[in-house]
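J.: The lines below spell out each chain.
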Amino acid sequence: MTTLDMQDISIEFPGVKALQHVDFSMKSGEIRALIGANGAGKSTLMKVLSGAYTHYTGQVFLDGQLLDIQSPRDAKKYGIDIVYQEVDTALIPYLDVAENIMLDEMVNEMSGKALVSWKNLHKKAGETLARLNVNIDTRKRVNQLSLAEKQLVLIARAIVHERKFLILDEPTAPLSNRETAELFRIVRELSVNQGLGIIFISHRLPELFEICETISIMKDGKMITTETVSDLTQKKVIELMLGKSFNEEHQKHQVPIGNTYLKIDNLTDEAQFLKNVSLEVREHDIVGIAGLVGAGKTELCKAIFGENPLQSGTIYLKDKQVRNQSPTHAVKNGFALVPEERRKEGVLVDEPVYANLTAASLRKFTLPFSVLKPERERERARKIIASLGIKTPSENQKVALLSGGNQQKVAVGKWLLTDAEILIFDEPTKGVDVGAKGDIFDLITSLAEEGKGIIYASSELNEILNITDRIYVMYDGKIVKELKTQNTNEEEILFYSTGGR
Amino acid sequence: MEERAMKMDSPLKKESPWQKPLTFINNWGTVIAIIALIVFFALAVPQFMTSSNIINIMRSISIVTIIAIGLTVSLTVNGFDLSIGSTATLANSLVVSFFVWYSLPTGVSIALALLLALGVALFNAFLIVKIKIPDLFATLATMFIIEGVAMTYTGGGSISVGMPRLDGTPTTGTIPAVFSLLSQTPYIIILMLIVVASVYFFLKHTKHGRYLYMIGGNIEASRLSGIPVNRYRTLAYIISALLAALGGVVLASQIGSAQINAGGGYLMPAVAAAFIGSSFAGQGKPNAIGTLVGATLIGVLENGLVMMSVPYYSLNIIKGAVLALALASTYYTRRKN
Ligand SMILES: Nc1ncnc2c1ncn2[C@@H]1O[C@H](COP(=O)(O)OP(=O)(O)OP(=O)(O)O)[C@@H](O)[C@H]1O
Ligand SMILES: [Mg+2]
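As they're listed, the protein sequences go chains A and B.
Residue numbering for the first sequence follows numbering that gives the first Met the number 0, starting at 0 and increasing by one per position.
Residue numbering for the second sequence follows numbering that gives the first Met the number 0, starting at 0 and increasing by one per position.
Pulled out of the complex, with its shape left as it was, chain B reads as follows (with noise of 0.2 Å):
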């Protein structure tokens, strides 16, 4: 013992003082973010700490996580799905459809839109699995197809209350009040947390969620284990759809109308959050409590930001600033083995 400890004294290099911290950072570097954020805008701005103030920042984070989550099941499987934004738009122009021109009750007006979104996504699956277009590029096809799809169907993008068909026969539909509901806090933060409570779960501690990851990390090795990876992608693109037609659903609760391309802004806050999120506990897995906590980063960042009355036209400087330097404390000195 004595005689290694002499030997351990005057070794020609030795382990960097810095990997400890270092690693610390690169697990914990958003989680460090988030609270540096808080401080900063507490101290800032008096009323950021305010109930009301943290409340608005969950809700506005709310479809934005939704629709994360959802890019996250993609992302397990290695895959990519771009086009979640134009299907939260389709969902979104459909419910309103549903019930401005159709009348619909709100159940099935949003039980429809969902099934109508399964299609979208076995569409890509479609693509990516028989055709085997590569999934970045499949789904780059389904975002513009989707988007032109909404579009048609709406006659250019928008349906409000009031507006007449696209055959121009006046229209009754209202939108139901137990609809607008459902963006109203406190049903929209409790629908989030339960949307990723039920993927983290799923992801974490099901058989389904750990063929995805598997199929994610070695596909053929996943072949000849026996796991069915073909069925498993289409589930991912299933659930991925889903979400982004609820995040979409909910959109339209919000703003109570079909608007042209409302959910193609959701998706690189989605990307973003999903990013980050899978660096969050070192995991270096995508994984639905780091897509919250991304998205919670740039929730309150933008709401900080807005709060100390900075133009909304810098915004996205500083936001992007910020997505740079969440990732830079994850990949930096990040070595492979």
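In isolation and in its complexed conformation, chain A is listed as follows (with noise of 0.2 Å):
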């Protein structure tokens, strides 16, 4: 067994104390839990541990031995690895699973050798693919691969070698349940019988409860607490990591819902995707989708946005007919579109917040001759920050230095700045934590209660049945089933998604 001791770990960016005098100690062979709102300072500790930061203060120990990590290299050398929060930026789209895997075998350990042996490298990632018990062909193109399965190529990654420690940046935030369980699966496969030590951040509380044995949990980057899962109740965690109590029940106003806002009728996508979708939303309703991960959702949002092309189908406002051939189209004609992969599609992570909060509203900001007026927006940028409570030094600031579910806070308040009379969300809360959740409900309901017409697409059913006042049900491209939130539950949802009928 192996002990893992960091001790009094400070980090700063500029405008940042990131990290405080962070403590943080575990065995192998653990699943540990690291839990905190956006920003807390999750992914920094991480971070400093995998040897992506340099300039911390404090030290790291390896079964009492103090360690020099000054790279990633370093840290893999004594046997921590990591799979970062955002998947696609570590793997090379172009190259197939086996070379994926084998990624850093292929840079660090073939000093001498200038041939690839294909041969070894396929048996060799075959063999660790093996290892986690997973079915993917190694010759398969990364790019070709879902999600779920480009994580686990990632997993597969980190332990070609033989490691001790593993941290898994919320691998959970993408995955359906049934890859979640099966992730679940391979992590204790990991941990029980290969006695590594696994970290685990997730903004799920439920699952936090289910695999781990010891949560620590962080707030404003400091380590408030470690204990045992038998020990905690949810309420109290969520009571720790925000320093105030919370109702995790959202509370709905009872508005009465109107005439019909925007109707659908009959629509199917050029690449025959959705088949003969219709739905209807009424002002002041908040519409679910539900579906399981692949039911077609995300293909429904940006269908109706226009940036996938239609093949049929119309789309009504207030019984006029519109036609969005493009995003550009759609916002003309008052719609807003959160999309689902935020640092993709949703931020401009190069641009300072205040720049990503304006985007879609840009003309409200200008002089005649189109010229900007920044003070202006610099201002109402401000008080979109503090009511959605992103955490950030300024508005100047680059949105990739936020923090995850800070990101996906700005990609969901570009929009509040527009006059968009129909609001799709396509999983909103993805990565966002507790507090920030019931934020984004609250504004939500808000914009309803104005109202305006909301789609919101998630394959979160307690958050679908927690906000919406009707769902739809997706299955395979299809709306299988309507269904009205009072009178319904889980089970009944899933056993629509799931192709019931």
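Hint data in this document are derived by calculation from the structure and do not stem from the laboratory.
Honestly, I wouldn't trust all of these hints.
So the derived label-pair ranges between C-beta atoms look like this [as the list claims (entries may be wrong)]: (1) A/Leu366 to B/Ile54: 49 to 59 Å; (2) B/Ile132 to A/Asn142: 47 to 57 Å; (3) B/Thr22 to A/Arg381: 41 to 51 Å; (4) B/Thr22 to A/Thr1: 36 to 46 Å; (5) A/Met105 to B/Ala140: 34 to 44 Å; (6) B/Leu114 to A/Arg72: 30 to 40 Å.
Glycine included, each C-beta is placed from N, C-alpha and C at the ideal position.
Since each chain comes alone in its own frame, lean on the hints to assemble the complex.
T.: Written out as structure tokens, the structure is:
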């Protein structure tokens, strides 16, 4: 058994004390949860451990021995590896599975050798996948894999060599229930049978209670406490991480549902993924689109928003037909979309926060001749930052430097400055902490109360049940059932979303 | 507070003491280089700091700067316009032919040359936006095509006053005196400064400029924010071609004739100026002021070396080396987050 001991770790970025005197210790073979609000410093602490940052102060010990970690390569040498929050950034899309799994090996261990032995490469990659008990063709190109498979490839890469500690930073955020269960099986396999220490970051409390033995809670760059799961309740954890009690049940005001606002009639997209989808959104209405990952929720959102071309079907806004030939038209027609993949589609990482927030409504911040009024932009941005609780030193910070959950809040906040009448949210709470999730829910509810039409697509059933008035269940590109939220439950939704009828 | 200070005193690792000066050099390397060069040349060659020489330098960088500013705009959308040199050549040929062959008035000739250069922009935009050829390859193809078009149009590349037309008929057209003024000081310098200032304002202070940078940063997110990305990419190539053509027109005024591939030589200095300029003041983005600074660096260097009687055939060695140094000051130690 190996003991990992991080002592008195502090790190600063311009304007942010990301970590302040943090202690963290665990043993191999343990599954440890790391939890905290967005921007609490979880990813940063793990980046210190895995060698991504070197300008920290404090010490890291392995079995009492002081480590000198200057690079990810050093960390790997000591048996510590990480699977990052954003999987796509760590994979090379046009290489195949085996090459991606063996990437470190090819880069670091080929000194003296110039030729790649493809046979060995595939054999070794295959063996590693077999250790995880998963079945992926090692010759498949990585850009053809699903998100879940990509993640498994990264885990496989991390364990090609013997590891003592493996960090998984929000691995379950993009996964379906079934894929999550599969990941848990692998995590248990690695820890129980192969003796790895696993550090598991997630914002989904139930799953932490399911898989972890101990929970470390962070808040504002400090470590609050570490306790065994059996001594804690979910409510207690939330209280500790937010510093206040918090009611997870979302309060909905009763507003009378109005006339039909948006009507979608027999929509089929050009890729023929969606088949004759019809739905209706009324004034004050929050409509949920439920369905498993891959049921076509994202495709539907993008088709309505004009990003995916239509083959047939019509969209009526207040009884008038609208044509969303492109997102530009859609925005003009009063639509908004918070897309699923924030880094790729939602935010401009190199631009400051304020420019991201005003990106979809820049027309409102101009003088004649399209001259910008940046002061006005900043002022409005500060309001949004405050109302969504975006954690950033200022509105001028580059979005790339925000924590994952705070980037997501920026992607949502962008649309609050527009005059959108129909707001489409595609998995808007991915990677967002419980407290902020509540804020986003409140916001969506108040938008509905103002009279806007909301489409809320999510594979998280408890969210759908919490916030919507009506639910359309999708299966295989079709809407298979319409349900009233008040009169349904998880089981029923699940029944229809797995193809039951 | 006390305890904190103590703890901070015994860290395992400290932020490197070089971090701050390095950032400073990263951000201001080009400016430092220019100042260092000026000091060096001023000490080495007494005539260097005379006002006539300084004006001389500014005049010598005008055409490159105008063309490089166009390139800068194409760089903002994460594009790359390799066809600017050929476009300048084409504009040079066109405007001279209008004078010599057709005796058209000055204003009409210039306007017509710029208008025809728009055709190049639209062709580029068509290849890039509609056919979806990557920018660099598309404009490489255009570069050859336009070079060929200019040569074919002029029947080999050159036109000068008094030369007969392609079909042999004699010509009586001349280059108007007011057109020649365009490349004289101070007009050429004023023109350059107007171009730099207006593109600076356009990119930095208007909605359109903001959109261009956003598209360059993340085209997907920009599209989903409702920005008409294809229209703006087309706009970027239009500005690029127009400024390249303007550079070609000024060049025509300077040399008073059309020459074989006259604009081609401006492509690489323009690329260098725009790239050096991206690092100016730590912006990390192509920008108009930076491009002017980049062009100035190259101009100062060239002028000083010539004054020090470095043979022309060795100039490029030093120019290349300084370019590498300037780029090194930006890229060295710039770590990814
Ligand atoms: N490279 C950086 N430069 C500047 N600030 C940074 C940098 N990396 C992180 N931060 C800041 O440090 C704080 C902690 O960020 P971190 O990514 O560790 O949060 P987190 O707990 O992982 O949050 P999330 O749940 O949203 O992923 C945040 O305020 C973030 O903005
Ligand atoms: Mg994080």
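J.: Look at each hint and say if it fits the structure.
T.: Here is how each hint holds up against the structure:
no. : hint                             : in the structure
1   : A/Leu366 to B/Ile54: 49 to 59 Å  : violated (36 Å)
2   : B/Ile132 to A/Asn142: 47 to 57 Å : violated (21 Å)
3   : B/Thr22 to A/Arg381: 41 to 51 Å  : violated (27 Å)
4   : B/Thr22 to A/Thr1: 36 to 46 Å    : holds (39 Å)
5   : A/Met105 to B/Ala140: 34 to 44 Å : holds (36 Å)
6   : B/Leu114 to A/Arg72: 30 to 40 Å  : violated (58 Å)
Consistency note: the structure conflicts with the earlier hints numbered 1, 2, 3, 6.
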